[in-house]
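Chemist: Chain by chain, the residues run as shown.
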Amino acid sequence: MGLLRQRKQPAFKGSGLVVFADVHEAMKAEQVLKGADYGVRLVAPPPALRKGCDLAIEMNLVEQFGIERLFREKDVAYVEILPLAASASQPLDVVKVTDFGDWFMVTAGNMKVTFNKETGVIVNTSGGGCPDIPYLHAELVDRRLAEAPDPKDIGFTLCALMLHRALQECLVLWDGGDGS
Amino acid sequence: MMLIAGTFPDGNLPLMVGEVRTEDGHLVIQGRRLPCMQGSGAMMSAAVAVAEYLKLDPPQAVVAGDIGQGKGSRAIYEYLIQNVNALAPEVLALHYWLPDMELTRKLCEAVDRCGRRPVMVADAASMYSAKAAGLAPSFDIFTPDATEMAFLADPDATHPAYIARHLFDTDITRTPRLVETAYANNSAATLLLVKGAVDYVVRSGEIVDTIDEPDVPALEAIGGTGDTITGLVSAFVYAGLEAHEAAAIAARANRMAGQFAGATPAHRISDIIDQFPAVFREYLCQWSGVCCTGTEGEHDD
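Heads up: the sequence lines are chains D and U, in that order. Position 47 of the first sequence, counted from 1, bears residue number 47 in our numbering, the numbering being contiguous throughout. Position 164 of the second sequence, counted from 1, bears residue number 164 in our numbering, the numbering being contiguous throughout.
Note that these hints are calculated values from the structure, not bench results. Keep in mind that this is a model prediction, so the values were computed, not measured. In this text, a Cβ means the ideal position worked out from N, Cα and C, and glycines have one as well.
If you want the footprint, here are the derived chain D segments under chain U, 3+ residues with CB under 8 Å: (1) 111-122; (2) 152-166.
Just a few of them, taken from the derived set where beta-carbon distance is under 7 Å, the chain D residues facing chain U: (3) T125; (4) S126; (5) Y135; (6) H137.
Using the sequences and the accompanying hints, generate a full structural model.
Modeler: Structural data, given as structure tokens:
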């Protein structure tokens with residue numbers, strides 16, 4: 001006699017959820033993400049997070065930045081990306097400016113960008129821990145603020161998102177804003 | 001064996017395993033030169049500096065290229081999961097990689113199966129995934145900065161970008177309260193070295209040391225100065241120091257190297273690393289009792 005076995009759900013725990021307005025778009029997104037080697041799975045969103053359809057994609061929240069860019073490139077329409085469990089529903093948007101005399105250091109979340117006040121050249125980036133951060137460090141340091149690549153375009157992780165925000169604030173300071 | 005794992009920002013770098021040494025300001029693994037820069041490069045360079053000075057076995061490294069897409073990170077996870085038991089490291093230091101909670105869980109299970117459990121050190125995103133997966137107590141040492149300390153104290157955050165706004169503060173004076181919360185939530189390693197204007201050494205929830213001299217504020221701006229501390233701690237533990245002693249000496253050595261370099265926000269991490277041998281010669285005996293008699297690195301204890 002055959003035994004009925006319950007199909008085991010994969011143990012994937014990605015900590016983030018992409019929410020869609022309709023099922024078709026959710027399935028298209030899954031194909032796009034899997035095609036780009038992202039570890040994802042289709043799930044039913046928790047009731048509290050339902051924004052449209054009853055199909056969402058569980059993903060590694062750290063990869064939010066790269067996934068958002070991929071969706072833009074592939075014309076995938078999604079409602080939003082949310083943390084499955086977090087005190088905050090949106091990434092931090094607080095920045096702090098430290099005056100080092102000849103240099104400003106701008107901190108956004110766990111990332112910092114430091115530039116020379118006179119030349120506008122980025123002299124350092126620091127903080128973070130995701131693998132795109134050393135890459136972005138190499139790409140940004142010694143570049144003028146206005147000429148530096150935006151981590152939004154070449155980064156993949158939430159650390160890169162924080163670096164993008166710090167860089168944006170540097171540009172505001174460089175253009176004569178007060179940085180507040 | 002001291003085993004160090006982390007990614008390098010080179011998408012074409014394959015998984016490589018081997019002894020790591022320094023040559024002309026670069027790291028060399030299996031004959032391949034890697035940059036001594038922010039991230040795992042700085043961390044490994046600091047560990048090599050300690051090993052060379054104390055004439056320890058050179059660190060063994062597991063590295064792979066990754067610019068944020070995760071492939072190299074996963075190769076490192078998989079290698080460690082399959083081989084950590086056979087390698088039997090005394091110290092296992094984990095650093096930059098794409099945080100993956102499931103693979104971190106598998107790695108911790110593999111470590112639990114080791115005949116002799118290594119001292120587990122985590123910094124950067126390996127610390128993020130350990131905390132996010134609820135595995136922080138499986139680690140012996142974390143080396144967070146002030147923002148990352150807030151992340152550890154936030155029970156729900158899986159990355160520092162998502163910490164609660166009220167917890168985000170770079171003010172290091174709040175560290176004791178955050179430390180208390182992190183331990184209450186089981187989100188801290190046995191020992192924390194919290195890096196900042198004041199460095200806190202915390203053992204099982206109790207602050208056992210603080211270091212605030214020399215005061216070199218520019219170190220915060222220099223990419224890699226947190227990474228070097230992690231490399232120093234790992235190597236000093238491998239040398240036989242207690243974790244809290246290793247942490248305090250690492251914090252002092254990093255500050256002193258910054259002072260020796262006359263650090264400004266525009267200095268590079270290699271400028272700081274270059275100073276470690278001179279710092280060790282002048283202070284290591286005084287700080288740790290690990291003393292040398294004339295010849296560099298020759299122990300007399």
